Structure formats: C-alpha cells, structure tokens
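Participant: Protein sequences, first through last, are from chains A and B. Quick note, the numbering used here runs 14 ahead of the 1-based positions in the first sequence. Quick note, the numbering used here runs 11 ahead of the 1-based positions in the second sequence.
Among the hints, a few may not be true.
Unchecked claim - Straight-line distance between alpha carbons at most 30 angstroms, and here's what the computed DSS-like set of lysine-lysine pairs gives:
(1) B:133 - A:174
(2) A:131 - B:294
(3) B:295 - A:188
(4) A:200 - B:133
(5) B:326 - A:73
(6) B:133 - A:57
(7) B:325 - A:73
(8) A:408 - A:490
(9) A:490 - A:197
(10) B:325 - A:145
Everything labelled a hint here was simulated from the structure, so no lab data went into it. None of the values given here were measured: they were computed from a predicted structure.
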Amino acid sequence: MPKKISIYIDNKKYSAQSGQSILDVARHNNIEITTLCHHPDIKIQGSCRLCLVEIKDKKGLHTSCSTKVADGMRVVTNSKNITRAKQTNLELIFAEHCEECNDCIYNQNCTIREYAKKFNVKITKYTDRKKGYPIHKFGPSLEFDTSKCIDCGLCVDICKKEGVDFLEFKKNRKFYEVCPSSKKDKDCIYCGQCLTHCPVGAFEGVGEFEDVDKYINAKGKTVVFQFAPSIRSTIGEEFGMPVGSVVTGKLVAGIKALGIEHVFDVCVGADITTIEEATELIDRIKEDKPLPMFTSCCPAWVKYVEFFRPEMMPNLTTVRSPQVIMGGLIKTYWAKEMKINPKDIIVIGIMPCVAKKYEIERSQNKINGMKAVDQVMTTRELAHLLRKKKIDLKTIKPEVAKSPLLKPSGAGVIYGASGGVMESALRAAYKMMTGRRMPKLQLEEVRGIQGFKKAKIKVAGKTIKVGVVNGIANAKRILTELEKDPHAYDYVEVMACFGGCIGGGGQPVPVSDEIRKKRSAGLYSVDNKEKIRSADENPIIGKLYKEFFNDHKNIHSVCHTSFSRKKKEVYPSK
Amino acid sequence: MKTADLRGRGGADFPTHLKWQMFADTISSQKYIIANGSEGEPNVLKDGYILKNHPELLIEGLKIALDTFKGSEAFIFLRRDYYKKYKKKLEKVIAKLPITVFREHGGYLSGEETVLCEEIEKNLPARPRTRPPFPGQAGVYGLPTLINNIETFYYVAKIAKGEYKKTRLYSITGKVPHKGVFELPVNWSIAKILEETKNTPEFDYFVQIGGGASGDVLLSSETNKLVSGSGAIVVYDREQTDPWVLMRTWIDFFMKENCDKCTPCREGSYRMLEMIKEREFDKKVLEDLFFVLENTSYCALGKSIPLPFRSAIKKLL
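Can you make the complete structure from the sequences, with help from the hints?
Facilitator: Here it is in structure tokens:
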C-alpha cells in the first residue's frame with residue numbers, strides 16, 4: 015500500500031505517496047520540470063537527462079523521473095549546476111536534431127524550442143551530427159526522418175507496448191539508432207503510435223504537411239470532404255480549445271470556408287457499417303460460420319491480421335470501414351443524385367489515423383474501379399490547412415448541417431472511441447433480433463479507455479460474449495484466449511490505437527490517458543444528447559436501404575471488402 | 012570476509028561482506044549468484060588468468076556462496092573468447108553443481124551489473140537499468156542477484172581455506188619486459204610492484220592504472236600510490252607516446268562500448284572525439300561535457316569517461 019508522505023520542492027511542502035517519482039509529484043502540483051523522454055504511457059526511459067534536480071544530503075544531480083520520493087525529501091529544481099547541465103544536454107540534443115520547424119507536427123507546440131528559449135541554448139553550438147541521415151518510409155502512411163531523432167527510445171517502447179515490436183535499436187555507423195526491423199517476420203502496421211509518442215516530430219504522416227492542398231483546387235473536379243467520427247472532439251485542440259471540445263458545427267463551417275461546398279460526416283458511413291456488421295454477426299451466429307467475428311474498420315488491425323495472423327482472416331468482418339463506405343456512397347448514390355460523373359469527384363477524408371492513408375490504397379476497397387477515397391488528411395493536416403488559410407475554428411461560427419448525409423445517429427459518433435463500434439452494432443443487432451430497442455442503450459462495460467474489456471449481452475435468449483480491446487498487445491491476449499477456448503468470444507472489437515481512434519496516429523499531439531478520456535467523453539456526450547441513437551433508426555439510413563441498398567449488388571460493391579495474406583512491406587532504407 | 016577486509020575486485024572496491032549481507036537480508040525463495048567474468052576493459056587480464064590457472068578456486072568460491080544461500084542458482088558470466096576457451100574446462104570442475112556457464116553477448120558494458128542481468132534475461136541489445144533497485148534486491152528476472160567479480164570468488168575460496176594473504180591480481184602491460192598477471196600484496200605501491208616484477212622502466216614513463224581506458228594517468232613521480240580499480244598497470248614511454256593518439260584510443264573504446272542510451276554519454280563522447288581528431292580542446296566546451304558526463308550519465312560508464320582525459324590533459328599535454 016502506498017504511504018502518504020510529504021516532500022519539499024523548492025522549500026514548499028507537498029503531499030506525495032511513496033512509490034511516486036519526484037517528477038510525478040512535481041507534475042501533479044503543476045511544477046514544471048523539463049523533460050523530453052518521459053511519457054505517461056511508457057515506463058521510465060531516463061535517456062534525455064534533462065529532468066535534473068538536486069536533493070538535500072545527496073551528492074550531485076538526480077533525474078526526477080527515475081528518483082522515488084522519500085518522506086521529508088528536500089528537492090531543488092533550480093540551481094546553477096542544474097541550469098548548466100540542462101543547457102549542455104540540450105545543446106547536445108539539438109546537435110542531433112536537424113530542425114525543419116515549418117513542416118513539423120510540433121510547429122505549434124514544440125517542447126525543445128521552448129526549452130531552448132528558456133535555457134538560453136545556442137542550438138547551433140555543434141554541427142548537426144545527423145545531417146544526411148536517411149528517411150525511412152513506412153508504406154503510404156508514415157515517414158521517419160532519422161536526422162531529427164534524439165534517440166530517446168519512446169517510439170521503440172511504444173511499438174513494443176503496442177504489441178508490434180517493429181522498431182528497434184540497431185548499431186548503424188557508430189551508434190545504436192532507432193531502425194525499422196529488417197527481419198522477415200516483422201512489419202509495420204501503420205498505427206502511428208510512434209508518431210504520437212515522439213517528442214520531437216521525427217515521425218510524420220506521408221504528405222504531412224506538403225500535400226495538404228494537393229487536390230483542393232483541382233480543376234473541373236467536385237472536391238468533397240468527409241470527416242471521421244473522432245475528429246469532432248479532437249481538432250479543437252489544434253486551435254487552443256479545451257481538450258474534448260465537440261466542434262462538429264465549427265468543423266463543417268471551417269471546411270466550407272476553404273471553399274468546399276459538400277461536406278459529409280463519416281458517421282453516416284459508420285451507421286451503414288453498423289447495419290451491415292450487425293447483419294453479418296447475426297448471420298454468422300445463425301449459420302454456424304466462423305466466430306468470433308472481429309471488427310475490421312481499423313486498417314492497422316487488418317494489416318496485423320493479414321501479415322502476422324492470416325489464419326484469422328475468415329474471422330474479420332467483410333464490412334468496409336465507414337470512410338470507405340462513405341466514399342463509395344458518394345461516388346455512386348450521391349453522384350447519381352447530383353448528376354455528377356463519379357470520375358470527377360475527389361473525396362478527401364479527414365481521419366484520425368495514418369493507417370487510413372494505407373487503407374484507401376487497398377485494391378479491395380475500390381468502388382467501380384475507382385478509389386473510394388482519393389486522399390486522407392489527418393486531423394493535424396486539416397488543422398494545418400485551415401491555419402494556412404487563416405481560418406480559426408475557435409472563432410468561426412458553427413454551421414448547422416443541412417445535407418441529410420451529415421446527420422448520423424449517436425451510435426455513428428461513438429465509433430471514434432474504443433468500444434463504440436461494438437456498442438453501435440449491438441444496439442442494431444438487438445433491434446434486428448428482437449424487434450425492440452435495447453433496454454439499456456449504454457453498454458458501460460465496453461466503454462472507457464482501458465485496453466481490455468469484456469461483457470456478456472443477452473439478446474433474444476442468446477448470450478453474446480463480446481470483447482473490446484485497444485492496442486494490438488491486447489488483441490493478442492484475445493487470440494491466445496481463443497487458442498485455449500475457441501468459443502470464448504462471439505464478437506470482438508479491435509482498435510490498434512490506445513483508447514481507439516481518439517488516440518489515433520493522425521490526432522493532435524501530445525496525447526495521454528487524461529487527454530484520451532476527455533476526447534472520448536466528448537463523443538459520448540454527442541450520443542447522449544442525440545434522439546436517434548441507433549443506426550437503424552436514422553431516417554437517412556432507412557432511405558438509403560429503401561432506394562439504393564435494396565439492390566444487393568450495391569451493398570456488395572459499396573459495403574464489403576476482402577482480405578489477403580500480406581508480405582513484408584517495410585524495410586529500412588539505406 | 013569482513014576480517015579479511017575483502018573488497019570487490021571488479022573495480023568498484025565495495026566491501027564484499029556488505030554486499031553478501033544485503034543479499035542475505037533480501038528474502039526470496041529463489042536467488043541468483045553470478046561470477047562476473049566480462050573483463051571488457053583493455054589491459055585487464057586477471058579473470059582470464061584465474062580461468063586458465065585456478066578454475067577450481069573460482070568454483071569453490073561459488074560453491075561457498077551456493078552453500079551460504081541455499082536454493083540459489085549460479086552463473087559464470089564470460090566474455091565470448093573466455094567462454095570459448097574455458098567452458099569445457101569449467102564444466103568439468105562444476106560437475107553437478109547448479110552453475111551455468113553463460114556466454115556474454117555484448118562487450119565492456121555487459122560487465123555492468125544491471126546490463127549483465129539484462130543479458131541473462133536476453134533483453135538485447137542490453138542496456139543498463141535504473142537503480143535502485145540494486146541487483147542484490149532485484150536482479151535477474153526481478154530476483155535477488157549477487158554479482159561478484161571472478162577474482163572476488165577466487166579470494167572467497169582462499170579466505171575459506173585460510174590461505175588469503177591480502178594479495179590481489181595485477182595485470183601489467185605496456186612497454187615492460189615482463190608482461191602478465193602477478194599476485195602481490197594489496198598494499199604495495201605501483202613503484203614497488205614494477206620493481207618487484209623487474210618492470211621498472213629506465214626511460215621517462217607514465218602509467219595508466221585501474222584499467223586501460225577508464226584508469227587514471229600517473230607520472231613516474233606519482234607511483235608511490237596504490238593501484239585502484241581492477242588492478243591494471245599499463246606502462247607508457249612518455250617521450251614516444253602521442254597523448255592525442257592515446258586519447259583517441261580511449262574515446263574510440265568508450266564510443267564503441269557505450270550503449271548510446273543517454274544524451275551525455277552518446278553525444279558527449281562524440282563531441283570529445285571531434286575535438287581529439289582536431290587535436291585541440293575548447294576548454295569551456297570540454298569542461299561542460301565533463302560536467303554532464305560525470306553528473307548526468309545514466310550509468311557508471313559515462314560517469315567514468317572524464318577521469319583519464321582530465322589527468323592526461325593536465326599531465327601529458
């Protein structure tokens with residue numbers, strides 16, 4: 015049991031608990047201590063050597079991240095020696111970080127630049143050690159510019175925690191360096207957790223930010239935007255709004271201010287995914303087809319299965335992800351309604367995710383030979399584009415949705431949080447199986463940012479055993495359980511990113527559990543206020559199934575996909 | 012061990028009985044005992060000497076530890092060439108004792124106790140762990156782990172037999188006629204050791220003592236001191252030795268052997284290399300680098316880097 019103790023930081027008394035680090039206590043009390051390699055998601059690195067403090071009666075300097083508090087401990091956070099050491103170590107860190115600030119995901123909130131100012135650091139004191147170092151490209155999703163890497167190790171550890179273990183330290187030249195694995199049995203799944211955990215922007219999405227206006231002014235084309243469920247509760251952060259702010263109306267207004275007339279909400283696509291997935295689940299249960307059924311709207315998870323566990327492919331639902339369904343719908347149903355040649359439509363998806371950049375390239379996701387979505391921009395990229403055009407979401411007046419394709423159910427919105435897909439599909443499946451609304455719509459057991467959740471749901475006399483996991487490591491736990499008991503689950507939702515899409519690789523940085531909780535709460539608050547909370551009750555969905563999805567061919571081409579075994583795609587570049 | 016005042020012979024000079032006492036005080040049903048034969052520093056040869064000439068005393072020392080700490084298991088952790096040379100021989104002496112001969116994966120740093128634990132757990136590339144906990148509390152697989160140098164176990168056996176005469180093993184190398192490992196009293200000065208082994212140079216010389224990279228530099232006029240660290244004495248001809256070339260070998264060694272985990276050691280050593288290549292130090296920059304190396308390095312390797320350079324710069328440049 016942790017004991018309550020007190021310590022002194024700069025002569026002020028603070029209560030603390032045994033087992034906490036000095037850094038924990040300082041942070042908890044809003045005392046700023048400089049650090050780059052500390053991330054709440056990961057165990058102590060102790061590599062940057064910046065969080066230095068002095069401790070009374072203990073010689074020398076100590077790293078506050080790795081030093082546990084003791085009762086009566088007297089800590090000093092500022093002294094001549096501390097400043098000298100921080101300054102020197104920062105200069106050394108800058109010497110291995112080739113700056114490219116304008117194009118950096120931390121351009122708005124760069125920690126090292128802030129430290130450089132604070133400690134009066136001469137950032138060019140030494141020549142850049144890593145000048146000319148290679149850029150590793152991870153498929154169509156990520157780029158790792160090793161000339162910016164400060165060797166803190168967070169990406170290696172998060173990749174391990176993710177359960178992929180693709181990034182590793184390898185001795186190249188004269189140094190151990192972070193490197194994608196060259197081993198044949200390891201590959202990147204494009205989740206982008208390395209990116210959101212890198213403190214200095216060494217990772218970025220492909221095209222971030224140089225491709226943001228690649229299509230926007232395409233001549234003779236109808237450019238449409240669609241935005242994913244989770245964007246509404248995350249993009250506000252990019253404009254200095256409180257974490258978790260729901261900004262759907264502002265988002266629509268912002269995109270329209272870019273000169274985009276047609277804006278779609280991918281949550282409507284999610285409602286279709288829900289109906290199709292619920293239908294497939296019922297079919298699998300009734301027809302004795304492979305169970306459990308795994309969700310497949312997370313492309314990183316799909317890549318994981320196809321590369322690492324191809325024997326599980328028959329268990330992935332064939333229902334396409336919301337963005338691909340939505341794109342397909344735009345290039346069929348909507349194009350026809352608008353009398354536009356689908357070839358002249360460019361669909362740009364605003365996604366929380368860098369793996370979505372990969373998803374749209376999959377040949378199995380095409381619609382009548384065309385890409386369903388032409389370009390994926392991350393939340394960060396859209397924010398960058400808006401800023402570039404001097405559009406501030408904080409001050410912009412929200413726009414009320416007019417288009418029916420902008421009106422999802424509450425269930426479509428919660429797709430962005432871990433557990434949301436499962437909850438949405440169960441709401442619909444319950445209705446389909448019983449003809450009644452699920453008595454308690456909120457499935458608290460599958461909500462929350464914790465990585466591993468399970469529940470049993472009674473529907474029409476049947477018990478459906480569900481599992482909800484985020485982080486591939488937790489999906490591996492499920493797979494191991496299934497090896498022992500193949501009937502342990504009927505339906506499993508997997509999201510590769512911690513907390514689900516709200517913690518995605520395309521989301522604003524930094525991220526932590528605190529932030530994930532607030533982003534997630536934002537989405538559930540939308541659902542709570544919504545009258546229509548189940549996909550099957552959404553009038554636009556009813557209309558679509560009556561007018562368009564009454565043809566089975568349309569369902570098949572717009573809503574379903576297939577999977578195939580993958581070979582290794584990512585190798586270290588020379 | 013307490014009466015004999017035995018101190019760890021790996022270089023840290025920590026009283027062995029205290030280490031054993033702390034290990035005894037940590038309650039656990041399972042414990043590990045490790046004889047550290049990583050011996051990764053240049054010009055240190057004594058563990059190899061014991062493995063070659065007295066393996067039975069090493070095993071006896073380990074057996075005493077195994078008998079003292081019932082139910083524990085032991086490893087002999089050997090650098091790769093020692094493993095290749097002495098594994099079979101050791102296993103013959105070990106017979107049925109619960110002792111495993113382990114082949115080291117890394118180099119110099121693998122002798123660091125927490126790195127050694129990582130190596131045994133096969134967490135590669137092995138890097139040091141945060142202390143506390145110390146290996147005596149939580150080492151290999153989180154279990155209490157007693158790590159002593161091979162020479163320390165050798166003397167544990169000698170003490171038990173009543174044959175300990177307050178000696179230690181000195182590795183003498185460099186520009187001397189009689190290179191090798193010598194067992195001589197712990198309280199002899201460098202000058203006396205050189206004299207008794209008929210190695211006192213006739214030319215103006217300096218020595219590096221304790222280790223061929225991290226050891227201190229002493230001029231011939233300073234050889235009335237005792238040998239510290241791991242007991243190495245390297246003799247250099249002062250006139251014929253280019254201090255820049257010598258410093259280059261040290262910094263190359265540290266850069267090759269360090270793990271590149273922490274900023275000061277990874278980047279600081281590299282910036283030292285740059286200056287050594289230029290044969291010119293910016294004093295202010297160098298002092299700042301020494302400062303962060305000594306005060307902010309993650310492990311003892313980085314902390315130890317400035318010492319030989321400091322004294323070489325002062326005495327040889």
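Participant: Residue 490 of chain A and residue 197 of chain A: Cα distance at most 30 angstroms?
Facilitator: It holds: about 20 angstroms lies between the C-alpha atoms, which stays within 30 angstroms.
Participant: Check the hint pairing residue 133 of chain B with residue 174 of chain A against an upper bound of 30 angstroms on the C-alpha distance.
Facilitator: 16 angstroms, holds
Participant: Quickly compare the C-alpha distance for residue 325 of chain B and residue 145 of chain A to 30 angstroms and report which way the hint goes.
Facilitator: Violated, at about 34 angstroms.
Participant: Between residue 200 of chain A and residue 133 of chain B, is the straight-line Cα distance small enough, at 30 angstroms or below?
Facilitator: 19 angstroms, holds
Participant: Is the hinted pair residue 408 of chain A and residue 490 of chain A satisfied, with a Cα-Cα distance of at most 30 angstroms?
Facilitator: Given that 30 angstroms is the threshold and the Cα spacing comes to 41 angstroms, the pair is violated.
Participant: Is the hinted pair residue 133 of chain B and residue 57 of chain A satisfied, with a Cα-Cα distance of at most 30 angstroms?
Facilitator: Holds, at about 19 angstroms.
Participant: Under the criterion that the straight-line Cα-Cα distance not exceed 30 angstroms, is the pair residue 295 of chain B, residue 188 of chain A satisfied?
Facilitator: 26 angstroms, holds
Participant: Regarding the pair residue 325 of chain B and residue 73 of chain A, is the alpha-carbon distance no greater than 30 angstroms?
Facilitator: 25 angstroms, holds
Participant: For the pair supplied as a hint, residue 131 of chain A and residue 294 of chain B, confirm whether the alpha-carbon distance does not exceed 30 angstroms.
Facilitator: Given pair residue 131 of chain A, residue 294 of chain B holds - Cα atoms ~25 angstroms apart, limit 30 angstroms.
Participant: Given the hinted pair residue 326 of chain B and residue 73 of chain A, is their Cα-Cα distance within 30 angstroms?
Facilitator: Given pair residue 326 of chain B, residue 73 of chain A holds - Cα atoms ~28 angstroms apart, limit 30 angstroms.
Checked against the numbered hints above, the structure violates hints 8, 10; every other hint is satisfied.
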